[in-house]
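Visitor: What follows is the residue order along each chain.
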Amino acid sequence: MSTSDFDREWRLGELFDAAMLARIGPPLAELLGADLAILDRDGRALWGMPAPDATREALILELEPAGFLASAAARPPQLRSAARMFTALLRAEARYRMASALHLEAVTQDFETLKLEHSRLLASEARYRKLSEELEARVAAQVATLEARQQMLYQAEKLASVGQLAAGMAHEINNPLGFVSSNLGSFKLYLDKFAALHARLAEGEAAWQSLDLDFVIEDGAELLADCANGLARIGRIVADLKSFSNVDRPPTERANLNACLEHAVSVASSPLPPGVTLKTALHPLPLLACNPGHLNLVFLSLIKNGMQAVQDSGRPGEVSIRSEAAPDGITIRITDTGVGMSPAQQERAFEPFYTTRAIGAGTGLGLSTARNIVLAHRGRIVLDSTPGKGTTVSLFFPGTP
Amino acid sequence: MPEQDNTSLTFKLVYYGPAQSGKTTNLLRLHDILSPELKGEVMIMETKDDRTLFFDLLPLGFRAPSGLLTKLRLFTVPGQVAHDGTRKAVLSRADGLVFVADSDRTQETNNGEAFQSMADNCHRVGLDFEHIPLVVQFNKRDLPNAVPEAEIRERWDAAPWPVRFATALSGNGVEATFEALLRALYRRHVDGLGLATDHRLTEDAFVAGVLGRTLEPQ
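Those sequence lines, one after another, are chains A and B.
As numbered in our numbering, residues 32 to 432 make up the first sequence, in order.
As numbered in our numbering, residues 2 to 219 make up the second sequence, in order.
There may be inaccurate statements among the hints.
[To be verified] Restraint-style ranges between C-beta atoms, simulated for each label pair:
#	chain 1	residue 1	chain 2	residue 2	range
1	B	126	A	115	34 to 42 Å
2	B	66	A	158	38 to 46 Å
3	A	51	B	172	21 to 29 Å
4	A	131	B	195	31 to 39 Å
5	A	115	B	6	24 to 32 Å
6	B	106	A	62	37 to 45 Å
7	B	143	A	131	31 to 39 Å
8	A	142	B	7	44 to 52 Å
9	A	142	B	157	51 to 59 Å
10	B	130	A	157	26 to 34 Å
11	A	142	B	130	19 to 27 Å
[Unchecked claim] Some chain A residues flagged as far from chain B (calculated, every beta-carbon gap over 10 Å):
#	residue
12	125
13	138
14	317
Treat the hints as calculated values from the structure; they're not laboratory data.
Being a predicted model, the structure only gives us computed values, none of them experimental.
Think of the CB as a built atom: it goes at the ideal place given N, C-alpha and C, for glycine as much as any other residue.
So here's chain B without its partners, still in its complex pose:
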């Protein structure tokens, strides 16, 4: 459950995926693109050969009409298989997930194994994998041997999660992925947290607040 006190509400969102699928790049681009009321620096923990050893963290926030400070802390997990203990610790207490898959056809096995490890680790750290907001992003669409979009859509057709396509290096699809997660997150918690009733926060306002967009007048 999100952290909540009288004045603030904090969601923990985790970018999960195989090694070097572009999780950190997603965070860096979001930091560039988004302009919410509150935006922290991307905290990049020690890296070794450009790989995340611990996690990266991007804090975002805005105030709801009720005055509630809504904070989102976006984490990435280390992708390498060896760091499973760290991945589990980062995954703990997550309120939403983005699975960043590598579109490279040679990475299909790695994608599958990482997805399975995400599901297993969710169960291990006590997350309800069946209901947690989750968006699947196929990144690196610019690769020449990327698996075609139609093929991916067909394969993921029966799955309950939204699928988005992105090229994180250029920023394409990064915001759309995040928006899909925000909408799933809002729907999951709108009733439990009284977002619409107590805080007068609609889904579009919630999304607009986090992304730093101006909400079209109704």
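So here's chain A without its partners, still in its complex pose:
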């Protein structure tokens, strides 16, 4: 038990100090009309000089004497009364001291509680700060992972498009290659005829006629012209491809979207599927700071979607491509008269890997990738479709002032 506890055993000397005893002692002695000393519980004098033969009267605070009044001359009843009076004073003082000590203890405890709460708060704040730092690091890691996945998806889509493109191109290039090669075969036969002429030069004009060389010359020229045409076609395809893939262009440049659309139309229409007509209405556009290679991919993807939708409808139809300068940017609409989409399909159209095609026929990344690219250009892409009537995809690119 510490000396500050309210419920400790209070000593007389503690309740009444020497000064207080010096104030109480004299009047009490005077009232008593005799000698008086005030002793502590061990009999030590706190005030006055007790005579050796003095009578003692106990001062009981609770159960035991807290001290004594001692007097040699006082009559016992008077001394008892003095002790009762002194005890009353002592108890009043003890009550006061206990109450104030208790109050102090309560306040101190409340303060200790507050300090404890405060230190707990500090600890929890530190914990939360650490947690928040960890969270930031985790978010950053997740973002990095997501970006890596996105990049992989984008690469996958690009690969798939390149594959489709390559298949189309192979077909396109094979055609002229076929007839150029066949023409060159024929031409070699014609050269054989000239070789034969050499042996029959003696026959003169008859040999010329017999070898039908007039026709050979005429047809040979035609064959070569065909070959030149075929090679020019191949050259054009390669040029388209080159411009489409942007191999030798910087990622961002100021480009005319009409040129991009024309490239996309050109690539998409070779070959043009049966029953599909392509119409373009391209109006003069301001140059747009963009990545033409990526936008080419978007336009090709949307045009091919449109053509596929027409084919899916089972009737002839058209895909029209319209570009227009708006006050605050560029609007491009690609409209088909194909099957259209149900509201449920429209809702999910931009989700990655959502496809209505048979497995293996589409990656389900076309519109998703298209939207990502458009968003990367700070643009908007909106679907408007009526089942059975067709679909319009509207693109808007804000102009760069």
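Using the hints provided, position chain B relative to the given structure of chain A.
Guide: Showing chain B alone in chain A's frame:
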């Protein structure tokens, strides 16, 4: 732990409970009923509208056969919720507890909250609530809407503490409650303080000494 020196041993016992459940009345009645060798006055601290602001204190004492002066200081805590700091300070260093509950059915929530606050405060002031001697008293049995005894017994059946019923105003059950606490207190400290061995004090003698009864000859 109880205060101990060469000649005396002091137990601090605390009456805890919701506001106006009769803690002070318990002390006043004990003062009237008990007649131990030593009995002090009930010290009633300042009250406001008959409510305890600080505490009440009743000192009791007797001498063991060994000459050891055994003192018990019975305190009450202020019941009102607002005085929690004071309650904690009074509760500090307690050796035993009486929880005085109000039997009035409308007071069941107050009883529950006060009991919880007692448990919490014990932990806060470093008392081992799981092992401290504790008696639960349901006071005011004379109320017309008192919760029936059977219902209370059933509810407290699983609890480890003795339950007593009292009407402190008339003194009924007050001594029985205190006796139950004394017995729990004795059993808790008989070995640690050498009560039986060093001081030749049996449980019945201990109880008889505090209550001021004459011990039946063995």
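Visitor: Which of the stated hints cannot be reconciled with the structure, identified by number in ascending sequence?
Guide: Numbers 2, 3, 6, 8, 9, 12, 13 - these are the hints that the structure violates, sorted from lowest upward.
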